[in-house]
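Adding 1 to a residue's 1-based position in the sequence shown gives its number in this note's numbering.
Heads up, a few of these hints could be off.
Calculated cross-link-like contacts (lysine-lysine; reagent style BS3-like; alpha-carbon spacing at most 25 Å) [unchecked claim]:
| no. | residue 1 | residue 2 |
| --- | --- | --- |
| 1 | K85 | K152 |
| 2 | K65 | K144 |
| 3 | K35 | K24 |
By construction, these hints were calculated from the structure, which means they are not laboratory data.
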Amino acid sequence: VLPIMERWPEIETCVECSAKTMKNVSEIFFYAQKAVVHPTRPLYDADEKRLTDKTRKALIRVFKICDRDNDGYLNDAELNEFQKLCFGIPLTSAAIEDVKRAVADGCSDGIVEGALSLPGFLYLNLLFIERGRHETTWTVLRKFGYESNLKLGEDYLYPRIQVPVGCSTELSPEGIQFLSALFEKHDEDKDQCLSPCELANLFSVCPTAALSREIGVASGPIFEQLATMAVYPHLRRVYYLHDSNLLQKITFGAALAALA
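With these hints in hand, go ahead and build the complete structure from the sequences.
In structure tokens form, the structure reads like this:
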């Protein structure tokens, strides 16, 4: 079996079975189902032995979202939150150390000052796939809205909200708190404004097409309709536009207005 798989790397699984003796018949059905539900090919380039470009892009987005303090690393608390979000159970301290040890053994810059780096996160998923546990990576990707083509699904990007006739929508206190934390996370210099670089970093986890569709980037200047915030006057700020109509600085109040 092993020589066959080494000769043809495109073969994901090879099992000896017998319909007469019923040897490994259940395993055949298990691996057939696994190949359909959790395919390897979209995730892994068997010829070059690396993650596909789409997989890397998706995992980088997942990493940025889970990096709550925006320091470029996943600490133990962030790893635990990631684990609970994707798999519903926390990691023990011993399990976290085992993960770090496995990453450190195969990726020189995977662990930095006790935290998991982006290269380490990518290597960890590569390790799962190479060890035949690609369902782990698929579980993560699907939790963050990815479909089998490694694109974010329409239902994830544009969830349907039923608004009764005569009613309107507004941000809840929890929504304001979430957006406030998001703004503060990306306001690296703490000047209460998002520079073009900080703004680009904030929206780097958003698909370009979806972002353009929502705020009209393709058809006009970014956020050109923003004005002072009547709903949240205590958050009102001034924002500036560059001569070329590209956003120069956007402040907290304007960010909330755009995302509301």
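Hint numbers not upheld by this structure, sorted from lowest to highest: No numbers; nothing is violated.
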